[in-house]
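K.L.:
Respectively, the protein sequence lines represent chains A and B. Numbered according to my numbering, the first sequence spans residues 90 to 811. Numbered according to my numbering, the second sequence spans residues 7 to 53.
Honestly, I wouldn't trust all of these hints.
[What the hints assert, rightly or not] With a cut-off of at most 30 Å between alpha-carbon atoms, the simulated DSS-like pairs for lysine-lysine come out as follows:
hint: 1; chain 1: A; residue 1: K290; chain 2: A; residue 2: K135
hint: 2; chain 1: A; residue 1: K261; chain 2: A; residue 2: K211
hint: 3; chain 1: A; residue 1: K290; chain 2: A; residue 2: K309
hint: 4; chain 1: A; residue 1: K211; chain 2: A; residue 2: K368
hint: 5; chain 1: A; residue 1: K274; chain 2: A; residue 2: K262
hint: 6; chain 1: A; residue 1: K604; chain 2: B; residue 2: K32
hint: 7; chain 1: B; residue 1: K34; chain 2: A; residue 2: K129
hint: 8; chain 1: A; residue 1: K290; chain 2: A; residue 2: K249
hint: 9; chain 1: A; residue 1: K238; chain 2: A; residue 2: K221
hint: 10; chain 1: B; residue 1: K33; chain 2: A; residue 2: K129
hint: 11; chain 1: A; residue 1: K290; chain 2: A; residue 2: K261
hint: 12; chain 1: A; residue 1: K129; chain 2: A; residue 2: K604
hint: 13; chain 1: A; residue 1: K242; chain 2: A; residue 2: K358
hint: 14; chain 1: A; residue 1: K604; chain 2: B; residue 2: K34
hint: 15; chain 1: A; residue 1: K358; chain 2: A; residue 2: K213
hint: 16; chain 1: A; residue 1: K170; chain 2: A; residue 2: K262
hint: 17; chain 1: A; residue 1: K782; chain 2: B; residue 2: K34
hint: 18; chain 1: A; residue 1: K356; chain 2: A; residue 2: K368
hint: 19; chain 1: A; residue 1: K604; chain 2: B; residue 2: K33
hint: 20; chain 1: A; residue 1: K604; chain 2: A; residue 2: K238
hint: 21; chain 1: B; residue 1: K32; chain 2: A; residue 2: K782
hint: 22; chain 1: A; residue 1: K358; chain 2: A; residue 2: K237
hint: 23; chain 1: B; residue 1: K32; chain 2: A; residue 2: K775
hint: 24; chain 1: A; residue 1: K782; chain 2: B; residue 2: K33
hint: 25; chain 1: A; residue 1: K135; chain 2: B; residue 2: K33
hint: 26; chain 1: B; residue 1: K34; chain 2: A; residue 2: K775
hint: 27; chain 1: B; residue 1: K33; chain 2: A; residue 2: K775
hint: 28; chain 1: A; residue 1: K135; chain 2: A; residue 2: K242
hint: 29; chain 1: A; residue 1: K129; chain 2: B; residue 2: K32
[To be verified] FRET-style restraints, in silico, Cβ to Cβ:
hint: 30; chain 1: A; residue 1: R168; chain 2: B; residue 2: D11; range: 55 to 65 Å
hint: 31; chain 1: A; residue 1: F389; chain 2: B; residue 2: V14; range: 50 to 60 Å
hint: 32; chain 1: A; residue 1: I700; chain 2: B; residue 2: D11; range: 31 to 41 Å
hint: 33; chain 1: A; residue 1: E367; chain 2: B; residue 2: K33; range: 42 to 52 Å
hint: 34; chain 1: B; residue 1: D8; chain 2: A; residue 2: W416; range: 23 to 33 Å
hint: 35; chain 1: B; residue 1: K33; chain 2: A; residue 2: T548; range: 36 to 46 Å
hint: 36; chain 1: A; residue 1: F385; chain 2: B; residue 2: K33; range: 31 to 41 Å
hint: 37; chain 1: B; residue 1: D11; chain 2: A; residue 2: A706; range: 27 to 37 Å
hint: 38; chain 1: A; residue 1: E267; chain 2: B; residue 2: K33; range: 50 to 60 Å
Calculated directly from the structure, the hints in this document are not laboratory data. Quick caveat, the model's predicted, so the values are computed rather than measured. Built from N, CA and C at the ideal position, the CB exists for glycine as well.
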Amino acid sequence: MKTITVAIAGNPNSGKSTLINAIAGTNLQVGNWPGVTVEKKTATLKIDDLIINLVDLPGTYSLSPYTQEEVIARDFLVREKPDLIIDVVDSTNLERNLYLTVQLLELGIPIILALNIYDEAKKKGYEFDIEKLQELLGIRVIPTVATKKEGIKEILNAIKDFAYGFYNITPKKINYGEDIESSIKAIEENLKVTNPLLLSKYPSRWLALKLIEGDELVMKEVDLIGDETFLQEAKSHLFKSHDEDIESMLADIRYGIANGVTRDVLKKKDGKRVDFTEKIDRIVLNRYLGIPIFLFAMWFVFKFAFDFSAPFSDWIDTTISGPVTKWTFHALTVVGSPQWVISLLTEGVIAGVGAVLVFIPVIAVMMFIITLLEGSGYMARVAFVMDRLMHSIGLHGKSFIPMLLGFGCNVPSIYATRVLETERDRKLTALLVPLMSCGARLPVYVIFIGAFFSDHAPTVLWSLYVLGIFMAIALGFILKKTLYKGFAPVFIMELPPYRVPVFRDLMIHTWQKLKHFVIKAGTYIFAVSVIMWFLLNTPYGVEKENSALGRIGKTISPVFEPLGFGTWEASSSLVAGLIAKEVVVSTMAQIYVKEEVEEEKEGVDKEKGFIDDLKDAFLSFGFAIRDAIENLISGFGIKSLSANEEEEQRPLKSKLQGIFTPLTAYAFLAFVLLYWPCVVVGIAMKQEFGSWKLYGQALVIHSLLAWFVAFAIYQGGRILGF
Amino acid sequence: MDIMDIAVAGVIFIGAVYILYRSIWKKKGHCSGCNGCCSKTKDKFLL
Ligand SMILES: Nc1nc2c(ncn2[C@@H]2O[C@H](COP(=O)(O)OP(=O)(O)OP(=O)(O)O)[C@@H](O)[C@H]2O)c(=O)[nH]1
Ligand SMILES: [Mg+2]
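Assemble the whole structure, with the sequences as input and the hints as a guide.
P.N.:
As structure tokens, this is what we get:
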């Protein structure tokens with residue numbers, strides 16, 4: 090059994106993760122913007138008796154890293170010394186990508202160059218002299234189209250042949266010119282004698298080059314300060330002959346090589362088409378239209394989400410509150426369960442978890458759209474368009490990418506802040522991310538919107554998301570003046586071409602995001618439901634109002650009095666929401682469930698048998714599909730939520746209508762949007778920034794923000810006579 | 007409710023608290039989409 094480690098390196102967005110997915114059948118996250126992968130990930134593959142560890146690395150433009158995820162890539166390449174590097178190159182941008190390749194050559198590790206995105210390059214009329222490229226760099230070159238699995242077999246064979254020693258790959262040593270070569274030699278010789286340990290840790294030529302450049306990170310790592318005599322001696326003639334700093338001189342040489350090689354191997358014939366990407370960008374990136382277009386696109390998304398998911402949500406709701414509850418009740422009665430067990434399962438678990446499951450279809454549609462956004466290339470454009478606004482808070486548009494990802498779930502966004510340059514940028518962005526409305530908040534919005542604003546559902550939902558973005562910028566502005574002073578440098582971000590996402594990827598990534606919510610419902614929403622049931626039923630048999638939860642709620646409710654929802658029910662649900670925002674809905678459902686089950690017990694449909702109910706459920710699912718499609722086709726606003734009003738009102742909804750007014754409901758939703766981020770976000774913050782301090786700040790700042798905004802909405806609304 | 011019921015209820019309660027602890031603390035909220043949380047797990051074995 091032989092094992093080899095293959096590092097997949099390359100510029101951001103060149104298709105590294107897609108290539109690994111194609112080779113190993115994994116589902117690594119892929120997206121059409123630079124900075125998708127921020128952590129190294131390993132996929133293992135076994136062919137005959139060869140084990141191949143493919144290590145996916147974050148993209149990097151050079152081996153002198155600026156951001157944290159680039160450091161991760163460099164550290165792996167330099168310290169862990171993989172047996173082989175697959176350098177994934179975006180062939181539509183050969184020259185810029187070769188700048189990294191030149192540096193990879195310095196490592197002395199065998200390289201296979203995957204000339205990826207070959208399809209787009211072909212379309213642009215590019216022609217490559219592959220033989221020549223191989224010859225010039227001394228490495229294997231294989232054209233690939235990772236999305237279509239073209240060239241994958243060749244790559245695999247090349248890895249295999251290399252592993253079994255059928256051929257050697259000896260990367261060319263790029264000649265940096267007499268002056269530098271002699272310095273490299275002097276340093277290598279010296280280290281051989283004085284510090285052989287260091288040379289066993291790092292590739293020697295690369296290390297010598299970094300010491301010549303005076304790379305700060307490397308100097309720190311190897312405990313040199315730079316004025317050691319051997320370094321000074323080795324570099325002295327460079328200082329004499331070149332006044333400019335040595336680092337940029339080396340960069341110039343590398344660019345020169347990349348440019349020269351590109352000119353030798355690439356012929357650009359005229360591509361036939363007008364650039365589609367440029368055309369769209371002229372409108373989408375327009376100075377004045379950019380932000381309105383983004384806002385309109387968002388509204389459209391919510392419209393779509395409501396129209397398509399409403400019938401499925403209704404179906405789940407009817408099934409759970411009807412047959413599932415009924416038959417669980419019957420089954421438990423038949424086996425002679427005690428009353429409290431029946432209550433725990435029906436009023437606790439089924440009501441609680443069910444209330445969240447009802448909204449899985451909306452969440453699914455939202456996750457689908459977010460995945461589409463990630464895959465199409467529009468995401469990077471939004472970051473670009475928001476750049477000016479973000480500058481006002483001392484961040485740049487790039488920070489908007491983690492924030493946009495937060496529309497799915499805030500937790501991965503905290504990790505995604507790694508693409509930012511400074512610690513300050515990262516922390517500030519991480520503090521703003523929780524104001525982006527995540528999928529877990531959708532159930533709360535949708536239930537309230539259904540009860541109070543069903544005629545304007547998409548618009549109200551849209552207003553909440555926009556409020557989140559707006560408050561993030563406002564909060565950023567305050568933090569920039571106080572806790573997080575600083576300025577952002579000019580925005581440099583590559584805008585990838587628009588791409589039609591591969592359908593399979595789209596589905597897989599949607600499912601990966603959605604899975605999170607389903608697992609959550611099955612594990613901790615379930616657990617919280619059980620715990621809440623106990624809190625609602627201790628001491629056993631009392632009115633809910635006087636239960637443990639009721640009393641906790643009553644104690645804190647005065648805090649929410651000025652916001653218009655100072656009831657114990659709302660207060661205790663909000664506190665429980667610290668665990669996860671869906672819990673606000675599951676707890677409310679448990680509190681208001683009683684009558685529903687009682688009605689069920691009297692049994693309107695008692696005469697219906699199990700099989701009949703099952704048949705009904707199947708049939709009505711069919712209707713749900715039909716309705717969803719009809720909603721989509723009949724376009725806007727004809728059916729959807731408002732149409733369901735004739736149907737019987739759900740108990741939770743009608744209960745809510747009795748307790749909230751539209752004004753207090755909106756204040757409540759704004760509060761849920763803005764108040765403390767869930768504990769899992771806290772754990773992620775702790776993991777990324779090393780302490781609980783940031784989460785502590787977030788808890789205080791966001792709760793205060795939420796309180797004041799809800800206060801302004803409620804009191805303002807009252808003055809205006811709502 | 008007799009002693010037996012209370013004992014069973016206690017076990018269920020503790021079980022729920024444990025599930026909560028495990029999924030939030032140990033599994034980091036089952037966050038699947040995030041790149042950050044799973045550095046040690048191999049994504050898929052094709053053995
Ligand atoms: N047309 C075309 N698109 C490709 C090809 N390979 C990848 N893509 C697309 O390029 C985009 C980037 O792919 P990723 O695999 O996420 O790129 P990456 O190099 O892992 O990016 P980072 O993780 O951000 O460094 C995605 O939209 C892919 O669908 C290809 O061969 N042809
Ligand atoms: Mg990637």
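K.L.:
Does each hint fit the structure? Answer for all of them.
P.N.:
We went through each hint and held it up to the structure:
1. Taking the CA atoms of A/K290 and A/K135, the gap is about 29 Å. The hint holds against a cut of 30 Å.
2. Note on A/K261 and A/K211: the hinted pairing holds, with a Cα-Cα distance of about 27 Å set against a maximum of 30 Å.
3. Restraint check for A/K290 and A/K309: satisfied, since their Cα atoms lie roughly 15 Å apart, inside the 30 Å limit.
4. Straight-line distance between C-alpha atoms of A/K211 and A/K368 comes to about 20 Å, which keeps the hinted pair within the 30 Å bound.
5. Distance hint between A/K274 and A/K262 is fulfilled; the C-alpha atoms sit about 13 Å from each other, no more than 30 Å.
6. The straight-line distance between the Cα atoms of A/K604 and B/K32 is roughly 18 Å, inside the 30 Å bound, and the hint therefore holds.
7. Under the criterion of a C-alpha separation no larger than 30 Å, the hint pairing B/K34 with A/K129 is consistent with the structure, at around 18 Å.
8. Under the criterion of a C-alpha separation no larger than 30 Å, the hint pairing A/K290 with A/K249 is consistent with the structure, at around 27 Å.
9. With a CA separation close to 24 Å, the supplied pair A/K238 and A/K221 stays within the 30 Å bound.
10. Only pairs whose Cα atoms come within 30 Å are accepted, and B/K33 paired with A/K129 is accepted, the gap being roughly 19 Å.
11. Proposed proximity of A/K290 and A/K261 is supported: the alpha carbons are some 22 Å apart, at most 30 Å.
12. Of the pairs offered as hints, the one joining A/K129 and A/K604 holds, with about 22 Å between alpha carbons and a cut-off of 30 Å not exceeded.
13. Among the hinted pairs, A/K242 with A/K358 is consistent with the structure: their alpha-carbon atoms are about 29 Å apart, no more than 30 Å.
14. Taking the CA atoms of A/K604 and B/K34, the gap is about 14 Å. The hint holds against a cut of 30 Å.
15. The straight-line distance between the Cα atoms of A/K358 and A/K213 is roughly 8 Å, inside the 30 Å bound, and the hint therefore holds.
16. Annotation: proposed proximity of A/K170 to A/K262 holds, straight-line Cα distance about 18 Å (limit 30 Å).
17. Taking the CA atoms of A/K782 and B/K34, the gap is near 18 Å; set against the 30 Å cutoff, the hint holds.
18. A distance of roughly 25 Å separates the Cα atoms of A/K356 and A/K368; the hinted pair therefore holds under the 30 Å criterion.
19. Straight-line distance between C-alpha atoms of A/K604 and B/K33 comes to about 14 Å, which keeps the hinted pair within the 30 Å bound.
20. Distance hint between A/K604 and A/K238 is fulfilled; the C-alpha atoms sit about 26 Å from each other, no more than 30 Å.
21. Between B/K32 and A/K782 the alpha-carbon distance is near 20 Å, which keeps this suggested pair within the 30 Å criterion.
22. Using a Cα cut-off of 30 Å, the hinted pair A/K358 and A/K237 holds, with the two alpha carbons roughly 24 Å apart.
23. For the hint linking B/K32 to A/K775, the alpha-carbon distance of about 14 Å falls within 30 Å, and the restraint holds.
24. With a CA separation close to 22 Å, the supplied pair A/K782 and B/K33 stays within the 30 Å bound.
25. Straight-line distance between C-alpha atoms of A/K135 and B/K33 comes to about 28 Å, which keeps the hinted pair within the 30 Å bound.
26. Proposed proximity of B/K34 and A/K775 is supported: the alpha carbons are some 11 Å apart, at most 30 Å.
27. At roughly 15 Å between alpha-carbon atoms, B/K33 and A/K775 fall within 30 Å of each other, so this suggested pair holds.
28. At roughly 14 Å between alpha-carbon atoms, A/K135 and A/K242 fall within 30 Å of each other, so this suggested pair holds.
29. Between A/K129 and B/K32 the CA atoms are separated by roughly 21 Å; this keeps the pair inside 30 Å, and the hint holds.
30. Checking the proposed 55 to 65 Å range against A/R168 and B/D11 shows it holds: the Cβ atoms sit about 59 Å from each other.
31. Separation of A/F389 from B/V14 is about 52 Å and conforms to the stated range, judged on CB atoms against 50 to 60 Å.
32. Taking 31 to 41 Å as the suggested C-beta distance range, the pair A/I700 and B/D11 conforms, at roughly 34 Å.
33. Checked against the hint of 42 to 52 Å, the C-beta distance between A/E367 and B/K33 comes to roughly 45 Å, which is consistent with it.
34. For the pair B/D8 and A/W416, the supplied restraint of 23 to 33 Å holds, since their beta-carbon distance comes to about 28 Å.
35. Taken as a hint, the range 36 to 46 Å holds for the pair B/K33 and A/T548, whose Cβ atoms sit roughly 37 Å apart.
36. Between A/F385 and B/K33, the C-beta spacing of about 39 Å keeps the proposed range 31 to 41 Å intact.
37. With their beta carbons about 33 Å apart, B/D11 and A/A706 fall inside the hinted range of 27 to 37 Å.
38. Take A/E267 and B/K33: their Cβ atoms lie about 58 Å apart, and the range 50 to 60 Å holds.
When held up to the earlier numbered hints, the structure conflicts with none and fits them all.
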